[in-house]
Amino acid sequence: MTVQRQRLLIDGASVPTFAAHARLHHDRAGQRWVVLAPERMFVLDEAAVEVLQRIDGRRSVASLSAELADSFGAPQAEVETDVIGLLQELADKMVITA
Amino acid sequence: MTSLPPPLALLCELTHRCPLRCVYCSNPLDLEPARREMATREWLGLLDQAAEMGVLQVHLSGGEPTVREDLEQIVGHAARAGLYTNLITSGVMADEARLDALMEAGLEHVQISFQDSKAAGADRISGYPGGLARKLRFARWVTERGLALTVNAVITRHNAARLPAMVDLAVDLGANRLEVANVQYYGWGLLNRAALMPSRDQLADMTEVVEAARRRLTGILQIDFVVPDYYARRPKSCMGGWGRRFVNVTPSGKVLPCHAAETIPGLRFDRVQDRPLAEIWTDNMAFRRYRGVDGLPTACRTCPMHEVDWGGCRCQALALAGSADAMDPTCELSEHHGLVQAMAEEEARLSEDPPLVYRGRRRA
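Heads up: the sequence lines are chains A and B, in that order. FYI, the numbering for the first sequence is 1 to 98, going by the numbering used here. FYI, the numbering for the second sequence is 99 to 462, going by the numbering used here.
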C-alpha cells in the first residue's frame with residue numbers, strides 16, 4: 001500500500017489533478033461551480049473556476065498559468081503565484097493532488 | 099417560498115437494522131422494523147427527485163446500510179444522477195467483493211466509525227465483540243483501492259485519553275479525513291449520557307491534541323473536530339440551520355429536517371410515498387416550523403449570531419429546557435445554561451458509571 005505521507009508542496013512544475021474523492025461540479029440550482037468532497041462543498045470564485053477547469057492531470061502549473069496570463073492579459077509571474085496559492089490551499093484540504 | 103434553495107445533502111437512512119448496538123446511537127429509540135423499509139424503486143425515485151431539485155451529495159447511512167442487498171443499485175443510481183455518494187458504515191459486514199461492487203457502481207467515499215483504538219473499549223461501547231478488527235480490515239480494503247476514507251472517531255469519556263492513538267490509526271490506515279466526533283446526545287446517546295459525558299479537562303486535552311495534529315498533518319489528514327456542546331459558550335449550528343441544508347429520510351420514507359426531529363411533539367412529517375420531495379422541502383409544516391429567522395426563539399431573532407448558529411438545536415432545547423421553542427441551553431445566553439454545564443460536569447465526575455443501555459428493538 002502506498003499512501004501519501006507527506007504534505008504536497010505545489011510549485012510551477014507540479015502537475016495537479018483532483019484527488020479521487022473530489023470533483024468539479026456545476027451546481028445548477030445555485031448557478032455556480034463547486035468542488036464536491038467528503039462532507040464538504042467548496043464554492044468557487046470565478047478565478048478559481050478558470051484554474052480548476054484547466055486541470056487535467058497532464059498540464060503543469062506553469063503551463064496553465066501561462067495560458068491564463070495570456071487569456072486575461074495579466075503578467076505570468078503574478079498569475080502563477082496566485083495559481084500556486086490556490087492549489088496549495090486545495091492540496092492542504094486534500095482536494096488536489098499532484 | 100419559491101426562492102428557497104434546495105438542500106445541499108440528502109441523508110438516506112436506508113435501514114435501522116445494524117449488527118452493532120452502540121450506546122451513543124442517534125437513531126430514535128423506536129427503531130423502524132425491516133418490514134417497513136422502503137422498496138428499492140422508492141429509494142431510486144427519491145434519488146431522482148433529489149438530483150432534480152439540485153441536491154449535491156447523498157449520504158447512505160442507517161443503521162447499517164450494507165444490510166440492504168440493493169445497496170449497489172442505490173449507489174449506482176445516485177452516481178448516475180451526478181450525486182456525490184458517501185457510504186456511512188460500521189465496516190463489519192461487507193467483504194472485499196461487496197466493496198468492489200460498490201466502487202464499480204460509483205461510490206466516491208466511505209466513512210467508518212471507530213468506537214476506540216482498543217478492542218475492549220470498542221466492544222463495550224458498540225456491544226459488538228470483535229468489531230474493531232473487522233473495521234480495521236475493511237478500512238484497509240477501502241484505502242488499498244484508492245477510495246477515500248473518513249475515520250469517524252466517536253469520543254466519550256471512556257476513550258478520550260486515546261485520541262492520540264486514534265489520530266495515529268487514521269494516518270496508518272491512509273484515511274484522508276478524521277472526524278473527532280464527540281458524541282452528540284440524541285436517541286440512545288441521550289439515554290446513556292451520564293455514562294458517556296467527558297469532563298471539561300478531557301475536552302481541553304482533546305482540543306490540544308487536535309490542534310497539534312492539525313499542524314503536524316497539514317495536507318496529510320484533514321481533521322474535523324466536533325465538540326461536546328454542553329461545555330460550549332455558543333450552540334452548534336445544528337444541521338447548518340433547520341430546513342436549510344439537509345434533508346433526512348427514514349427507512350420507511352418519512353422526511354425529516356434532522357434525525358431527532360420526531361422527538362418534537364406536534365410536528366407532522368410527510369412521506370416520500372405521499373408527496374414530492376420538493377414540495378415537502380418547501381411546504382411541510384415541520385420544515386416550516388423552525389426554518390430561518392422567523393422560526394427562532396424570540397431572544398435569538400435579535401441576536402447578532404442568529405445567522406451563524408441558527409439558534410442551535412431545537413431537539414436539544416426540547417431535551418434540556420423542556421421545549422423545542424426555547425433557546426438551546428448550550429448557549430450562554432440561555433437561562434438554563436449554568437444548569438446544563440453543571441449537569442455535564444457532575445455526570446463526567448460519576449465515580450461509578452450508570453449501566454449502559456444498548457441500542458436495539460424495544461418491546462412496548
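Hints were generated in silico from the structure; no laboratory data involved. Incorrect hints may appear among the rest.
As the list claims (entries may be wrong) - Chain A is nowhere near these chain B residues, computed Cβ spacing over 12 Å in every case:
| id | residue |
| --- | --- |
| 1 | P131 |
| 2 | Q155 |
| 3 | R275 |
Said to hold, decoys possible - Label-pair restraints from in silico Cβ distances:
| id | chain 1 | residue 1 | chain 2 | residue 2 | range |
| --- | --- | --- | --- | --- | --- |
| 4 | A | P75 | B | A310 | 49 to 59 Å |
| 5 | A | S63 | B | A259 | 46 to 56 Å |
| 6 | B | M403 | A | G85 | 22 to 32 Å |
| 7 | B | D266 | A | V49 | 55 to 65 Å |
| 8 | B | G338 | A | T81 | 43 to 53 Å |
| 9 | A | Q53 | B | L102 | 41 to 51 Å |
| 10 | A | R54 | B | R447 | 51 to 61 Å |
| 11 | A | R54 | B | E140 | 38 to 48 Å |
| 12 | B | D423 | A | A13 | 24 to 34 Å |
| 13 | B | E309 | A | R58 | 50 to 60 Å |
| 14 | A | Q76 | B | P374 | 30 to 40 Å |
| 15 | A | V49 | B | D270 | 54 to 64 Å |
| 16 | B | A440 | A | D56 | 53 to 63 Å |
As the structure is a prediction and not an experimental result, all values here were calculated from the model. For glycine and all other residues, C-beta sits at the position ideal for the given N, C-alpha and C.
Problem - Hints the structure fails to honour - result: Violated hints (numbers, rising): 2, 3, 4, 7, 8, 9, 12, 13, 14, 15; every other hint is consistent with the structure.
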